[in-house]
Amino acid sequence: MLDKKQFITIKGTKEGLTLFIDDSCTFEHALNELREKIHASRPKHDEPVVSVKVKLGNRYVQEEQKEVLREIIAKDERFTIDSIVSDVVRREEALLWQEASEVKTVNRIIRSGQVLEVTGDLLLIGDVNPGGKVVSTGNIYIMGRLNGIAHAGINGDKQAFITASYMKPSQLRIAEYISRAPDYESDGVYMECGLIDEEQDKIVIDRLQVLSHKSEISGFGRRMQNG
Amino acid sequence: MGEAIVITSGKGGVGKTTTTANIGTGLALMDKKVCLIDTDIGLRNLDVVMGLENRIIYDIVDVIEERCKLKQALIKDKRFDYLSLLPAAQTSDKSAVTEEGMRKIVAELKQEYDYVIIDCPAGIEQGFKNAIAGADKAIVVTTPEKSSVRDADRIVGLLEQEDIDPPLLVINRIRNHMMKNGDMIEIDDIVQILSINLIGIVVDDDDVIKASNSGEPVALQPNSKASIAYRNIARRILGETVPLQSLEDEKGVFQKVKKFLGIRA
Chain P
435 MLDKKQFITI KGTKEGLTLF IDDSCTFEHA LNELREKIHA SRPKHDEPVV SVKVKLGNRY
495 VQEEQKEVLR EIIAKDERFT IDSIVSDVVR REEALLWQEA SEVKTVNRII RSGQVLEVTG
555 DLLLIGDVNP GGKVVSTGNI YIMGRLNGIA HAGINGDKQA FITASYMKPS QLRIAEYISR
615 APDYESDGVY MECGLIDEEQ DKIVIDRLQV LSHKSEISGF GRRMQNG
Chain H
610 MGEAIVITSG KGGVGKTTTT ANIGTGLALM DKKVCLIDTD IGLRNLDVVM GLENRIIYDI
670 VDVIEERCKL KQALIKDKRF DYLSLLPAAQ TSDKSAVTEE GMRKIVAELK QEYDYVIIDC
730 PAGIEQGFKN AIAGADKAIV VTTPEKSSVR DADRIVGLLE QEDIDPPLLV INRIRNHMMK
790 NGDMIEIDDI VQILSINLIG IVVDDDDVIK ASNSGEPVAL QPNSKASIAY RNIARRILGE
850 TVPLQSLEDE KGVFQKVKKF LGIRA
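Residue numbers (the working numbering), protein chains in the order written: chain P, 435 to 661; chain H, 610 to 874.
Excised from the complex, chain P in its bound form (with noise of 0.2 angstroms):
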């Protein structure tokens, strides 16, 4: 009979398991099959939390029923989401993810008392003298002497990072980090970038070619890793 197709495929993995919500049914449909689904696979002691991923295929769902499909996956605390993907995108936010992992290009000065601030990338051609500030919600690339002030990942985007052509900054931040230039007059560095060194757990300056290993270098394509 129809009403015994399968709407919702479970499959494990090495990092737990991921949940296929066929595209093709009502979302009531779906999350009468999964709170059944769930309900029936009745936990046996002590074990230990899975993680899920939920594949949602050509069904777009909205925040409040992405809600619901946490509350019935996570209720008994034997799950934990991982992630809700769908394969598709609303139009806006399409765009958002556009305008966030686009790379503005700005040629001038920023002098003393002015602030620069893009959504997205910034690739400033001049120069950020002290006193000076540019921000951004991604990277940051200066062709030009950064003697200011540079923010990047405005937004808690730790994996952004600031390189320049010059680098002598009065502050580097990263994400909620703030590092200061040391107190003694120093010389600055040329091509080279700051970034956040997960171990020491601070901004680190280091080689440009340290940005070669690391896995995603646009917004873009961290975007859609996490959905």
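Just so you know, not all the hints are guaranteed correct.
Computed list of lysine-lysine pairs in DSS-like fashion (alpha-carbon distance at most 30 angstroms, straight line) [what the hints assert, rightly or not]:
id: 1; chain 1: P; residue 1: 636; chain 2: H; residue 2: 680
id: 2; chain 1: H; residue 1: 703; chain 2: P; residue 2: 602
id: 3; chain 1: H; residue 1: 819; chain 2: H; residue 2: 642
id: 4; chain 1: P; residue 1: 592; chain 2: H; residue 2: 678
id: 5; chain 1: P; residue 1: 592; chain 2: P; residue 2: 500
id: 6; chain 1: H; residue 1: 620; chain 2: H; residue 2: 703
id: 7; chain 1: P; residue 1: 489; chain 2: P; residue 2: 448
id: 8; chain 1: P; residue 1: 636; chain 2: H; residue 2: 685
id: 9; chain 1: P; residue 1: 602; chain 2: H; residue 2: 680
id: 10; chain 1: P; residue 1: 636; chain 2: H; residue 2: 687
id: 11; chain 1: P; residue 1: 602; chain 2: H; residue 2: 819
id: 12; chain 1: P; residue 1: 445; chain 2: P; residue 2: 509
id: 13; chain 1: P; residue 1: 636; chain 2: P; residue 2: 538
id: 14; chain 1: H; residue 1: 703; chain 2: H; residue 2: 713
id: 15; chain 1: H; residue 1: 713; chain 2: H; residue 2: 746
id: 16; chain 1: H; residue 1: 680; chain 2: P; residue 2: 592
What the hints contain is simulated information worked out from the structure, not anything from laboratory work.
Since chain P is already given, all that's left is putting chain H on it; use the hints.
Using the frame of chain P, we list chain H on its own:
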């Protein structure tokens, strides 16, 4: 309960910021708890002269607009434990600071510090009004130039209308040889025109420029002329009687001072 002193001049470039930094440092050298406030929104300099520019995260506008606590915005000096700086905002609009906001900040700082030294912007507009709003005392800085003395006179007039003690005078950038030749206005003449009490004279010293470029206030140097002059001003603020420095370039700097005072009296 501490005391708030505003350093002002009317004219720009006479050395308000340098005077603020060095009087503050001088008081800190005498183990006083000192907080410096830069009120020159948009053209802040005190942080640079103090060598604390790199440490600024929050500023006075953040405090007034309640984006942070006052304590968070204070920058501890790298040399003294009880010397702090509240930096001005570099990017915000001048109108962000109000007289009411300044009064509140100064009152709060006076609880904690012995001296709150306020660096005033040039001019007589809102920035000046804000700077003097919370002050108990004022120090007027002038140089031995007509234009600077004229502006100082205007400032003294404005200060007299405020609820503030009679201002004290610092004469800055004195060049001895020019004064001798009569090419600069005599100290006595300046004091006579402004008719306020003189609290110190500072010679034009290359070390001042050198020091401010390296972010170390000149008052930290043991025996450059300007350094001694600024430390003497700090001592006079504390109530000590210190004779004025001689302008002569000879040994025994303090020898001619009595003669000097004699002329004045």
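Hints and how they fare:
1. 636(P) - 680(H): This hinted pair holds, its Cα atoms lying about 24 angstroms apart.
2. 703(H) - 602(P): Since the Cα atoms of residue 703(H) and residue 602(P) sit roughly 29 angstroms apart, the hinted pair holds (cutoff 30 angstroms).
3. 819(H) - 642(H): Holds. Residue 819(H) to residue 642(H) sits at ~26 angstroms (cutoff 30 angstroms).
4. 592(P) - 678(H): Given pair residue 592(P), residue 678(H) holds - Cα atoms ~26 angstroms apart, limit 30 angstroms.
5. 592(P) - 500(P): holds, 26 angstroms
6. 620(H) - 703(H): holds, 18 angstroms
7. 489(P) - 448(P): Holds, because 16 angstroms separates the two Cα atoms, which is no more than 30 angstroms.
8. 636(P) - 685(H): holds, 22 angstroms
9. 602(P) - 680(H): Since the Cα atoms of residue 602(P) and residue 680(H) sit roughly 28 angstroms apart, the hinted pair holds (cutoff 30 angstroms).
10. 636(P) - 687(H): holds, 22 angstroms
11. 602(P) - 819(H): holds, 21 angstroms
12. 445(P) - 509(P): It holds: about 20 angstroms lies between the C-alpha atoms, which stays within 30 angstroms.
13. 636(P) - 538(P): Since the Cα atoms of residue 636(P) and residue 538(P) sit roughly 27 angstroms apart, the hinted pair holds (cutoff 30 angstroms).
14. 703(H) - 713(H): holds, 18 angstroms
15. 713(H) - 746(H): Distance ~17 angstroms between residue 713(H) and residue 746(H) Cα, so the pair holds.
16. 680(H) - 592(P): holds, 27 angstroms
Hint check: no violations occur; every hint is consistent with the structure.
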